[in-house]
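Chemist: These are the residues of each chain, in order.
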Amino acid sequence: MTTISADIDVSSPAPEVRRHHGVVRLAHWLNAVTLAGMIASGLQIYLAFPHFGTKEHTFALPNPVDGGHIPEAMRLGGWLAGGLAWHFALAWPFVLTGLVYLAFLAFSGEWRSLLFRPRDVRPAIAMQLYYLRLRAEHPPQGKHNALQKAAYTFIVALGAVSALSGFAIYKPVQLSWLVSLFGGYELARYWHFLAVWTFIAFTLLHVVLVFTVDPASLRAMITGRYRGRFPSHD
Amino acid sequence: MTDARAPGLDRRDFLRLGLLAGPASLVAACGWDGGPLLKRRLAAVSRLNDWVGEKVLLSPGRLAPTYPASARSSRMPAYFISEDMPQLMRPEQWSLEVNGLVRRPTRLTRAMLEALPSVTYTVKHHCVEGWTAIATWTGVPVAAVAAMAEPLPSARYLRFDSFDMGYYNGWDLTSAMHAQTILAYAFNGRPLMPDHGAPLRLYSPIKLGYKLTKYLVRMSFTSERPGGYWEDQGYPWLGGV
Chain Z
1 MTTISADIDV SSPAPEVRRH HGVVRLAHWL NAVTLAGMIA SGLQIYLAFP HFGTKEHTFA
61 LPNPVDGGHI PEAMRLGGWL AGGLAWHFAL AWPFVLTGLV YLAFLAFSGE WRSLLFRPRD
121 VRPAIAMQLY YLRLRAEHPP QGKHNALQKA AYTFIVALGA VSALSGFAIY KPVQLSWLVS
181 LFGGYELARY WHFLAVWTFI AFTLLHVVLV FTVDPASLRA MITGRYRGRF PSHD
Chain H
1 MTDARAPGLD RRDFLRLGLL AGPASLVAAC GWDGGPLLKR RLAAVSRLND WVGEKVLLSP
61 GRLAPTYPAS ARSSRMPAYF ISEDMPQLMR PEQWSLEVNG LVRRPTRLTR AMLEALPSVT
121 YTVKHHCVEG WTAIATWTGV PVAAVAAMAE PLPSARYLRF DSFDMGYYNG WDLTSAMHAQ
181 TILAYAFNGR PLMPDHGAPL RLYSPIKLGY KLTKYLVRMS FTSERPGGYW EDQGYPWLGG
241 V
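Chains Z and H, in that order, give the protein sequences.
End of the first sequence = 234 in the numbering used here, gap-free, step of one.
End of the second sequence = 241 in the numbering used here, gap-free, step of one.
A hint or two may mislead.
As the list claims (entries may be wrong) - Below, in silico cross-link-like pairs of lysine-lysine (DSS-like), each with a Cα-Cα straight-line distance of 30 Å or less:
hint: 1; chain 1: Z; residue 1: LYS171; chain 2: H; residue 2: LYS39
hint: 2; chain 1: H; residue 1: LYS39; chain 2: H; residue 2: LYS55
hint: 3; chain 1: Z; residue 1: LYS143; chain 2: Z; residue 2: LYS55
hint: 4; chain 1: H; residue 1: LYS39; chain 2: Z; residue 2: LYS143
No lab work stands behind these hints, which were simulated from the structure alone.
Note that the structure is a prediction, hence the values are computed from the model and not measured.
The shape of chain Z in the complex, shown without the other chains:
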């Protein structure tokens, strides 16, 4: 009996589980680097015309950097041509990483533990109540909780929006169907930047949650092995 009680003793180390496949880890960190470069070179490009809309009519839409006060340390490329060169070069790894990641999820079946579906709505509310301290118990979860599923589904959709709106403003005549999907060239450009602010906000929240809620998940994203609070698998 003593051996069993030792196994469930809370002070004993959590069991180690294999969590992230190498493809996922590589995609995650490649994406972190290329996205940082995409954003920095994108801000450099934005400075050439730091408004949304046309020269005559600036959109009455929120733009925290209208007029462009973007510190040099946040830009990549040095000038417009350099920014364009970096942006269009990094677009390759950004898009390819995304496609490889999605293909991996589809073929491995991993998408099941990541895709937010209608049945995740109730657990997501329970999870939100827990975070708001309106619920004492952490709701039971598999590999990811329902809010994480919502976040990881949303971020893939955001990646798609940023890539598609990017292609729309890259080739607005050849890809005119994409441009109309975003409501015209000027709005597509705004969508592209909306994606940037959302990526930045997501990343900040993502990093804060990793360190405050489940620091063991950082090691899991590096080594693939997880030894923490939520060892179960879907």
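With the hints as your guide, set chain H onto chain Z.
Modeler: Relative to chain Z, chain H alone:
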């Protein structure tokens, strides 16, 4: 003694910080243009993007959308590289030279150009900076002028030269022969003025503004890819939209 939950940084936390420092240092390195070695690599990727843009994304028959004249922008920004606006002292002596790899090198005066069948359209101008403006342009399709000069099979590119401090552009033939690529002599229904490239400028809604050579003096068919004023400084060569 080796309690992993001890406050402060343990070795593992230190490793984590190190891994975070990677992307952070990349961000901190921003504002930097990449140095000569990376610049060459970036230029090579840009050539790949030009190839994809011309061979995959460009549909030779696709027309850029046209707008009613009422959609025109009230302002059409105008750029040139000379300190003062480039203007001809004797416009009546001006002519366009069509040469290079052609069977019949040709010279066209403004009157000869205006006598050719013309195209008028109201289209959206896309600037590399990110702004757009709608205007009406009238001119002769480049393809019609090319037909008069009869390019040789070895001609693969077109080079457009201006009298604006040697500003020039190199074009792929697919874009140059596009139905909406014209040698424009009128803007918004009026004769082209010096701010927009009088007496003649290249115009096309399928290229970015910096590819649309103003103050034209010559178009030459070549077998080697010509560069361009901005293209030589790092702007994408194709500049197609």
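Chemist: None of the hints should be skipped; say for each whether it holds.
Modeler: Structure-based check of each hint:
no., hint, in the structure
1, Z:LYS171 to H:LYS39, "holds, 24 Å"
2, H:LYS39 to H:LYS55, "holds, 24 Å"
3, Z:LYS143 to Z:LYS55, "violated, 50 Å"
4, H:LYS39 to Z:LYS143, "violated, 43 Å"
Checked against the numbered hints listed earlier, the structure breaks hints 3 and 4; every other hint is satisfied.
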